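Colleague: From the two separate chains plus the hints, produce the assembled complex.
Here is what each chain is made of, one letter per residue.
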Amino acid sequence: MELTRRSAIILGAGALFAAGLPKQGSAATSEELISAFTGGAEIGAGDIELTAPEIAENGNTVPIAVSSGSAAEILVLAMGNPTPNVATFKFGKLAGSRAASTRIRLAGTQDVVAIAKLDDGSFVQASSTVKVTIGGCGG
Amino acid sequence: MASDVKPRVKVPKQAAAGEVITIKTLISHKMESGQRKDKEGNAIPRSIINRFTCDFNGENVIEVTLEPAISTNPYFEFEAIVPEAGEFTFTWYDDDGSVYDTSKKITIG
Numbered sequence: 011m012e013l014t015r016r017s018a019i020i021l022g023a024g025a026l027f028a029a030g031l032p033k034q035g036s037a038a039t040s041e042e043l044i045s046a047f048t049g050g051a052e053i054g055a056g057d058i059e060l061t062a063p064e065i066a067e068n069g070n071t072v073p074i075a076v077s078s079g080s081a082a083e084i085l086v087l088a089m090g091n092p093t094p095n096v097a098t099f100k101f102g103k104l105a106g107s108r109a110a111s112t113r114i115r116l117a118g119t120q121d122v123v124a125i126a127k128l129d130d131g132s133f134v135q136a137s138s139t140v141k142v143t144i145g146g147c148g149g
Numbered sequence: 002m003a004s005d006v007k008p009r010v011k012v013p014k015q016a017a018a019g020e021v022i023t024i025k026t027l028i029s030h031k032m033e034s035g036q037r038k039d040k041e042g043n044a045i046p047r048s049i050i051n052r053f054t055c056d057f058n059g060e061n062v063i064e065v066t067l068e069p070a071i072s073t074n075p076y077f078e079f080e081a082i083v084p085e086a087g088e089f090t091f092t093w094y095d096d097d098g099s100v101y102d103t104s105k106k107i108t109i110g
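Protein sequence lines, in the order shown, are assigned to chains A and B.
Going letter by letter, the first sequence gives residues 11 to 149 in my numbering.
Going letter by letter, the second sequence gives residues 2 to 110 in my numbering.
Next up, chain B with everything else stripped away, as it sits in the complex (with noise of 0.2 angstroms):
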């Protein structure tokens, strides 16, 4: 599962300080609600990112539970206040324990 997923953020390079900014994540994953059956009746086990977080230099932006419920490569917009310049970190956890993390750069121009 590890291999074919790839985290897609969006954040904007520079931002003036204490703006708010818009920020757009999307994470390929297949999200396997458990729902499902395969061609023989059995059930397809569940397979999903079940956290996803945010942090703007150690603090805290948001916090995500996910439920199967969220679809295919799950997509996030929310929005941030950037008092100054730093890097935002993104992180994705499995239910297979596996950690996908990604992050961005701001400057405060």
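Here chain A stands alone, though its shape is the one from the complex (with noise of 0.2 angstroms):
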């Protein structure tokens, strides 16, 4: 193939593309994942509230917690993660409220996201940024 100026365009387009792609994939997954848990459905913002710390000192163990009006299912995801899928919660027929708390494992700095399945068939989501100072000196 002769090395036109086109075709040396195209080639670092196509670099630069492929060198963008690590950085994307785990992202790519969280939106599949997204994508699964929605069947592609529009998620909107409202009836649900994330609680994560502003600050965690220890990445190991970050309190967050969910809570929703009327969800039927809460999906939890870390955006940061080598895995992004953190839990799924299911809201049974007992259920006191539809909020739960757990303690979860986050790789860096990054957004946690929650999404909600309510019971009229709708998506909402919030999210949270949490700062990371895995070095532990509080700051």
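Keep in mind that the hints are not guaranteed to be accurate.
Distance condition first, Cα-Cα at most 30 angstroms in a straight line; then the derived DSSO-like pairs of lysine-lysine [said to hold, decoys possible]:
| # | chain 1 | residue 1 | chain 2 | residue 2 |
| --- | --- | --- | --- | --- |
| 1 | B | K7 | B | K31 |
| 2 | B | K105 | B | K38 |
| 3 | A | K103 | B | K25 |
| 4 | A | K141 | B | K40 |
| 5 | B | K40 | A | K103 |
Short, incomplete list of chain A residues facing chain B, as computed with Cβ under 10 angstroms [said to hold, decoys possible]:
| # | residue |
| --- | --- |
| 6 | T14 |
| 7 | A51 |
| 8 | I53 |
| 9 | A55 |
| 10 | G56 |
| 11 | L60 |
| 12 | N95 |
| 13 | G102 |
| 14 | R108 |
| 15 | A109 |
| 16 | G118 |
Simulated from the structure, these hints should not be mistaken for lab results.
Every value quoted in this text rests on a predicted model; they were computed, and no experiment measured them.
The beta-carbon is built from N, C-alpha and C at its ideal position, and this holds for glycine as well.
Modeller: Here you go:
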């Protein structure tokens, strides 16, 4: 193949795209996870609350809480983790409230996202940025 | 793995009929994520609890799907309605096929 200016630009663009891929890797999977959960439905804002600390000194145990008035299921994702999926809560008949809390692992400073499937079949999401200071001097 | 796993749950002993109570659960488990490597650089295989359920007299309260991003010694706090006296059963399902369970009775007072 003769190297013309046009093919050089295309090659360069391709290389840039390929270089950009690893960074996009986990984002793409989290998008896949979201669309697998919602079935491609649109996600609004509203009846969901995600409580997470602003700063977590230890990324190994970050306390989070999710709550919603009428959620049937809540999916929690950590966008910056090697595997973004964190947990799925399904509320049964005897759930006293549509709320739960747990402790999660975060690989670094990132957004934590909670998506709820409401009883009427619509989806809402909330997100929160958590700063993780792995060095752990409280900074 | 199955030897050092100990579930702990906190449920009030008594409640009014129809009352909403808070339940706390903790189970000791290392929750090996499958991402870590040992000294030789080999990946340590994943070994986690992947599912947790809580039922009351056969009715489901909550079901949680756990992923490797859940911390060591998985802890959950949630609320349940107590319509009558009965028993809460808590079940954890391990990757290796083990099932850990415990139960707590509650009376109506």
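Colleague: Given the hinted pair B:K40 and A:K103, is their alpha-carbon gap at most 30 angstroms?
Modeller: 47 angstroms, violated
Colleague: Quick one, is the A:G56 hint okay against chain B at 10 angstroms, beta carbons?
Modeller: Violated, because the Cβ-Cβ distance from A:G56 to chain B comes to roughly 21 angstroms (cut-off 10 angstroms).
Colleague: Could you grab the alpha-carbon distance between A:K103 and B:K25 and see if it respects the 30 angstroms cut-off?
Modeller: 18 angstroms, holds
Colleague: Is B:K7 close enough to B:K31, meaning Cα to Cα at most 30 angstroms?
Modeller: Distance of about 11 angstroms is within 30 angstroms: holds.
Colleague: Going by Cβ atoms only, is A:N95 closer than 10 angstroms to chain B?
Modeller: Given a least distance of 4 angstroms, the restraint on A:N95 holds.
Colleague: Does the nearest C-beta of chain B fall within a distance shorter than 10 angstroms of the C-beta of A:A51?
Modeller: 20 angstroms, violated
Colleague: Using the nearest Cβ pair, does A:A109 come within less than 10 angstroms of chain B?
Modeller: Since chain B brings a Cβ to about 7 angstroms from A:A109, closer than 10 angstroms, the hint holds.
Colleague: Does the CB of A:G102 sit less than 10 angstroms away from some CB of chain B?
Modeller: Holds, about 3 angstroms.
Colleague: Quick check on A:G118 please, does its C-beta sit within 10 angstroms of some C-beta on chain B?
Modeller: Given a least distance of 13 angstroms, the restraint on A:G118 is violated.
Colleague: Verify the proposed pairing of A:K141 with B:K40, using a straight-line Cα cut of 30 angstroms.
Modeller: 29 angstroms, holds
Colleague: Would you check whether A:A55 satisfies its interface hint, that is, whether its CB is within less than 10 angstroms of any CB in chain B?
Modeller: 24 angstroms, violated
Colleague: Please check whether A:L60 passes as an interface residue: C-beta within 10 angstroms of a C-beta belonging to chain B.
Modeller: 15 angstroms, violated
Violated hints, in rising order: 2, 5, 6, 7, 8, 9, 10, 11, 16; the structure is consistent with all others.
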